[in-house]
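Engineer: One-letter residues, chain by chain:
Number of protein chains: 2
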Amino acid sequence: MENQRPLILVSNDDGIVAKGISELIKFLRPLGEVVVMAPDKARSGTGCALTTGEPIHYSLVRKDVGLTVYKCSGNPADCVKLAFETVLDRKPDLVVGGINHGDNSATNVHYSGTMGVVIEGCLKGVPSIGFSLCSHEPDANFTAAGPYVRDIARLVLEKGLPALTCLNVNFPDTQELKGVKICRQTKGQWTSEWENFAHRGDNHYYWLTGSFVDEDADQEDTDHWALANGYVAITPTTVDVTAYGMIDELKTWF
Amino acid sequence: MENQRPLILVSNDDGIVAKGISELIKFLRPLGEVVVMAPDKARSGTGCALTTGEPIHYSLVRKDVGLTVYKCSGNPADCVKLAFETVLDRKPDLVVGGINHGDNSATNVHYSGTMGVVIEGCLKGVPSIGFSLCSHEPDANFTAAGPYVRDIARLVLEKGLPALTCLNVNFPDTQELKGVKICRQTKGQWTSEWENFAHRGDNHYYWLTGSFVDEDADQEDTDHWALANGYVAITPTTVDVTAYGMIDELKTWF
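If you're matching them up, the sequences are chains W and E in order.
Note that the first sequence covers residues 7 to 260 in this note's numbering.
Note that the second sequence covers residues 7 to 260 in this note's numbering.
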């Protein structure tokens with residue numbers, strides 16, 4: 007079937023109605039056949055979480071030439087797993103997550119549902135890319151990101167990605183992008199992560215918040231540096247999390 | 007405070023009432039002061055997922071000499087984050103997740119709430135270990151694992167772990183353990199992941215299931231090989247997921 011157009015599976019974690027996924031679909035449609043399986047509501051911060059304690063459900067939202075859209079009651083990683091076994095008639099050529107409303111650089115990769123989509127695609131052996139914009143605004147402006155999204159997706163379709171490797175792409179919130187930087191994950195820690203409040207006399211309620219303390223300040227090879235300086239940050243990301251450098255040392259312990 | 011006993015934070019993803027966490031607490035108590043902050047119900051397969059859309063709540067369950075137990079309405083990673091800012095009076099010396107009822111070897115590390123505990127501890131700069139047993143039985147037998155849990159925890163307290171590195175320890179479901187193997191993460195894929203059923207005439211309901219296809223069969227350095235051959239599998243695991251090997255290649259793309 008050499009004349010088939012590339013098959014592109016799209017999902018996200020902000021949910022099917024988010025502007026970011028609509029924009030992503032618009033940017034990707036010229037590149038191939040797009041199938042969307044996205045959460046029916048926001049599932050931010052769910053990482054690679056799966057739904058194990060209850061069944062999930064999907065349904066068709068819209069079918070157009072070259073575009074089919076489904077919504078699903080599961081998490082982002084569930085959406086990818088379910089699409090592979092239900093709505094896709096062949097293995098996709100590309101899995102894309104996003105465009106996320108919010109930064110998924112640095113250690114956020116571990117919590118990101120957008121990257122949950124991408125890690126799942128990568129684990130299934132398909133070249134996979136996550137796109138995120140450093141703005142949580144529902145009406146964020148994705149215009150400048152568009153040509154980069156399309157170029158990066160086209161390059162990955164042409165060249166592929168190494169086994170067990172995916173891309174985490176973050177855009178600064180500006181319309182004047184300076185180009186692309188290839189980065190490593192910034193080291194750092196979230197601090198002051200909880201906002202405490204009382205409810206009906208019980209003061210043990212906490213809402214997640216926090217600020218990120220960068221431990222790699224001024225390191226020009228990090229994704230944070232790229233974003234702070236107006237560049238598109240592309241961080242190649244592995245799903246083989248073995249700490250190979252520690253294997254020999256650890257063998258001496260036993 | 008050189009005479010303080012080590013402070014050990016414990017959590018899991020099977021929830022506070024699981025046998026595995028009770029056994030873990032029992033094994034660890036001789037090593038130091040144990041504080042438990044565990045989910046109030048099972049949160050299996052939640053990976054590093056955070057609770058972002060609603061507040062979480064914690065409460066004291068039990069206080070004894072050298073042991074304080076709290077339950078929390080959040081996910082495993084929430085539990086660790088919350089404990090650091092609420093119930094711990096100093097930075098812990100060790101964060102431990104488990105003992106999980108079920109295998110967290112191979113690519114399961116990405117979905118594991120047990121490893122969500124461990125990754126969170128590691129991101130906070132504390133030596134962290136996850137323990138899992140290859141049995142989902144509520145009444146699984148953790149007896150043989152006990153001495154290994156204690157020895158591994160003691161070694162990590164003594165020697166520490168490199169920055170950004172934690173341990174993923176899995177036990178085969180046997181009482182005749184052959185010793186320890188230091189491993190890498192087995193490559194492979196989950197397949198046949200969904201069980202379809204109909205509900206009220208709608209046949210788009212799916213429940214997660216699946217079988218793992220090992221792509222590293224007979225590779226003696228993998229965690230699957232160790233488990234299949236009766237060894238305790240210790241896989242050193244990194245939270246820096248940058249695919250360093252692809253950076254130079256990727257730079258040639260742009």
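Since the hints were derived computationally from the structure, they do not count as laboratory data.
Please note: incorrect hints may appear among the correct ones.
For chains that are exact copies, the list does not tell them apart, and a pair is met inside one copy or across any two.
[To be verified] Below are the EDC-like pairs computed for lysine to aspartate or glutamate, each with C-alpha atoms no more than 20 Å apart in a straight line: (1) Lys130 x Asp222; (2) Lys184 x Asp46; (3) Lys47 x Asp227; (4) Lys257 x Glu39; (5) Lys165 x Asp254; (6) Lys130 x Glu182; (7) Lys69 x Glu221; (8) Lys25 x Glu164; (9) Lys97 x Glu199; (10) Lys32 x Asp222; (11) Lys77 x Glu201; (12) Lys77 x Glu91; (13) Lys25 x Asp246; (14) Lys47 x Glu221; (15) Lys77 x Asp46; (16) Lys25 x Asp99; (17) Lys184 x Asp70; (18) Lys47 x Glu60; (19) Lys77 x Glu199; (20) Lys257 x Glu199; (21) Lys257 x Asp227; (22) Lys97 x Glu182; (23) Lys130 x Asp220.
Engineer: Have a look at Lys184 and Asp70 and pick one of within, between, both or neither, based on CA distance no larger than 20 Å.
Structural biologist: Result: close neither inside a copy nor across copies, 35 Å intra and 59 Å inter.
Engineer: Evaluate Lys77 and Asp46 at a C-alpha cut-off of 20 Å and name the case that applies: within, between, both or neither.
Structural biologist: within (5 Å within a copy, 30 Å between copies)
Engineer: If the cut is 20 Å between Cα atoms, do Lys165 and Asp254 qualify within a copy, between copies, both or neither?
Structural biologist: Intra 34 Å, inter 15 Å, cutoff 20 Å: inter-copy only.
Engineer: Within a copy, between copies, both or neither: where do Lys257 and Asp227 come within 20 Å Cα-Cα?
Structural biologist: Answer is between; shortest inter-copy Cα gap is 12 Å, intra-copy 32 Å.
Engineer: First find the shortest C-alpha distance between Lys77 and Glu201 inside one copy, then the shortest across copies, and answer within, between, both or neither for a cut-off of 20 Å.
Structural biologist: Between copies, since 18 Å is at most 20 Å while 32 Å is not.
Engineer: Is the C-alpha distance from Lys97 to Glu199 at most 20 Å within one copy, between copies, in both cases, or in neither?
Structural biologist: between (40 Å within a copy, 15 Å between copies)
Engineer: With identical chains treated as interchangeable, where does the CA-CA distance between Lys130 and Glu182 reach 20 Å or less: within a copy, between copies, both, or neither?
Structural biologist: neither (35 Å within a copy, 35 Å between copies)
Engineer: Within, between, both or neither: how does the pair Lys25, Asp99 come out at a Cα-Cα threshold of 20 Å?
Structural biologist: neither (24 Å within a copy, 44 Å between copies)
Engineer: When no copy is named, should Lys257 and Glu199 be tagged within, between, both, or neither for a Cα gap of at most 20 Å?
Structural biologist: neither (37 Å within a copy, 35 Å between copies)
Engineer: Give the relationship of Lys77 and Glu91 under a CA distance limit of 20 Å: within one copy only, between copies only, both, or neither.
Structural biologist: within (15 Å within a copy, 37 Å between copies)
Engineer: How do Lys32 and Asp222 come out at 20 Å by Cα distance, when the copy is not named: within, between, both, or neither?
Structural biologist: neither (35 Å within a copy, 39 Å between copies)
Engineer: At 20 Å max between alpha carbons, let me know whether Lys257 reaches Glu39 within a copy, between copies, both or neither.
Structural biologist: Classified as neither; 49 Å inside a copy, 28 Å across copies.
Of the numbered hints given earlier, the model fails hints 2, 3, 4, 6, 7, 8, 10, 13, 14, 16, 17, 20, 22; all others are met.
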